[in-house]
Amino acid sequence: MIYLNAFIFTGIICVIGQLILDNTKLTPGHITTIFVVVGSFLDIFNIYDKFILWAGGGAMVPITSFGHLLIHGAIDTANDMGIMGLMTGMFNLTASGITSAIVFSFILSLIFSPKD
Amino acid sequence: MTFKYNNVYINDTATVTGPYEANGPLSKYFDKSYHNLYFGEKTWELAESKMISESVDLLLDKVGKTRFDVDVHISGDLLNQLVASNYAATNLGMPYIGVYAACATSVLGLIVGSNMIEAKQAKSIIASTSSHNSAAEKQFRYPVEYGGPKPKTTTFTSTGAASAFVTSNKRGIRIESSTLGTVVDMGVKDVYHMGAVMAPAAAKTIYDHLRDTKREIGYYDLILTGDLGVYGKNILKEYLLTEYNMVLDNYEDAGSILFDVEKQPVYAGASGPACAPLVTYGYIFSRMYKKELKRVLLVATGALMSPTMVNEKQTIPAVAHAISLEVVEWYI
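Order-wise, the sequence lines are chains A and R.
Going by numbering that gives the first Met the number 0, 55 is the number at position 56 of the first sequence; the sequence numbering is gapless.
Going by numbering that gives the first Met the number 0, 239 is the number at position 240 of the second sequence; the sequence numbering is gapless.
No wet-lab data here; the hints were simulated from the structure.
The hints are all genuine.
Listed below are the simulated DSS-like cross-link pairs for lysine-lysine, each with C-alpha atoms no more than 25 Å apart in a straight line:
1. K137/R <-> K24/A
2. K188/R <-> K24/A
3. K61/R <-> K169/R
Per label pair, the in silico range of CB-to-CB distance:
4. N233/R <-> P27/A: 21 to 31 Å
5. T241/R <-> D21/A: 24 to 34 Å
6. Y95/R <-> H29/A: 37 to 47 Å
7. T98/A <-> K262/R: 38 to 48 Å
8. F67/R <-> I101/A: 54 to 64 Å
9. V327/R <-> L18/A: 48 to 58 Å
10. L3/A <-> V182/R: 54 to 64 Å
Chain R residues, not near chain A, derived (Cβ > 12 Å throughout):
11. T1
12. T65
13. N114
14. K122
15. N168
16. K169
17. N244
18. M245
19. L247
20. N249
21. K293
22. Q313
23. V327
Note that the coordinates shown come from a computational prediction; the quantities given were computed from them, not determined experimentally.
All C-beta atoms in this analysis are idealised placements derived from N, C-alpha and C, irrespective of residue type, glycine included.
In isolation and in its complexed conformation, chain R is listed as follows (with noise of 0.2 Å):
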């Protein structure tokens, strides 16, 4: 399923992060960076609902508005229920609408919103994301003090919240289409290996993008995933060649550059729905302002199991969701 926008912008972005991501290679592109993962909370999960609150405050800092010429908040994290984003929704006080597909929600918060957008339903809309390494930590796996060694294969779960100001006003960048994913479970069952599990939803929906749209892959200067991780990245690379007969050139994984993986201690990558944001709302937007970049496809990767059903031995299903983002020379 692909929507195509006529008058869908992305005006301004806003993103609060963790330490880990403050020390990364793209620390000089995010507004606000913390130092410790509580935030002067004294929780996790408040202080990853805080980060949202900022995020979004800054954002609004930034674009000159205030909460109420905002007409729906659409937003999503890990948390159980949504609780990060429900908490967050609470200080900010405008129409809510939470969201959820794991690390690809960002993606799919836009293009709930843009789909609003293009049918004039609304005039603006404010799309969040976050995740939080503890509090996801803590929740899918064990606390960080049960200290238990890890797989090489293993991603680590970005600090961070990221929004984006999404109007019909013709600035920043473009939202020119959307592919909604269609859940792949490739029978993988281990929650320690993400890129295998999400590699084959990003093929699909890379595919099925460009089928509806007629494109070829060349047509985009950057395919970005979100969250494969360095040996999920070659997964995909090699799965869409032998499943789908597509060469991969033009390709980054987000979950790959959001740290250094040889100097940090992030196994193979960043995961969670603040990476994708992160990434591409500060470093590739900037790419593209400069010129560098001038058709990007985002297709952001989910892994949509909880720790009930792992436990239970169950496979993990992933999906994927893509958004065309373009720069036109008269929109900056």
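One chain only, chain A, in its complex shape (with noise of 0.2 Å):
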């Protein structure tokens, strides 16, 4: 049943991703701003755990995720450490991702140079 909802989560997400493609002016770049600050957005009130949830790594493999990674670092850090802790906690759950797209494209650009 997971697989299922998983598979209906991203599908809606994509599906809206191609209907603002379509009937907007905005780019690419644009919507995966968007799906990012959406995903922060529904974090804070909780709404985007009870998704995870639902359909699991359905919800986990989007970019929106990432945007709800960055709210719940921001949050956890906070309630430890006060109001500080929004800014110092929250790069905490992303940190592995981004740092593993530094660390391996750089090394991979020592080895490899971009061609079509």
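Assembling the complex is the task here: the two chains are given apart, and the hints tell you how they should meet.
Here you go:
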């Protein structure tokens, strides 16, 4: 059942993306940004956590979860450290993803060069 | 502003293309085609420059001349500062004029050259143009690897170079008259809908040309626009009818026929400065030599924006330059 929910959830996100592309002048870059912000916003009232329970990986994989993780890390640390925790904790949960992207692309760019 | 010519002829032409054009419906009309986009060079820009040099070399071979026989080389392309043409001109070594009218460059070059020939200021001129899909995407939009999806009204920059040898020798296709376009800006800001940007400019130039030459629209066997694409075509027909009360019948758009819009992944058709001459010099000229068409009005259209202006949310102005081509029996 969770497999089906995962499929439906990511599918709906993609449909929304396609609708935006077809009907507005927004670019793919705009859509990625909007999705991250929406994911963040939905975590403020713990709504995104409910999506994760329902759809599992289907809610963790899309870029919306990146926004969710940013806010989640911020609020968790703020609960421990007070208001400064919002600043210090925002990248806690997303650090591994961001670091991997930077480190691995650096290493690979030393070995390979981009070509079409 | 319309010029009439008594003694100007395109003696011969040469075209070089990239892979998409070679796989398209007009492949047999090109002199040389490549099957990848680098042509043995390290960058897209050098590849585009190489195409211009090659098309001029092929052309000189065809007419049996050397670069010392050519008075002026007029060339243009889409790259910043016209570098594809500039660097080709380095290799070619002829007195050089760079011209820019975006995708209307080919006709602008022919007009400048024809005026010099008619005024007997020069005896032989080569007018060349080029565009390269990847170089244009890199400069105007995003590198192709970004993979962002595009709306269906987008046009696909053609990859090719085309050169024409223009003299007063009575051989080949006659350049009968030309009309310089006025820039038209209808307030469109969408870089993915060039058809809408340029159709009004094409309409104005067609109207100006017919008014100045006192001709009816039926005088021409074919009116060929440069790269309006499948959507721009319809916009032009509608616009000419509502604004200028003209019915556009014998009409085709080069961008709509260079590629197979159904089978090739080219969205709404071809664009780029090379599009109009690639179609005209090969396919249209061969139809003219076979007497299927006697009088053709080529209306090349160009969008005159830069990526900076678009990012600053400016509108996109457009221009269309027209040249009247005819085949006369005893000139072939």
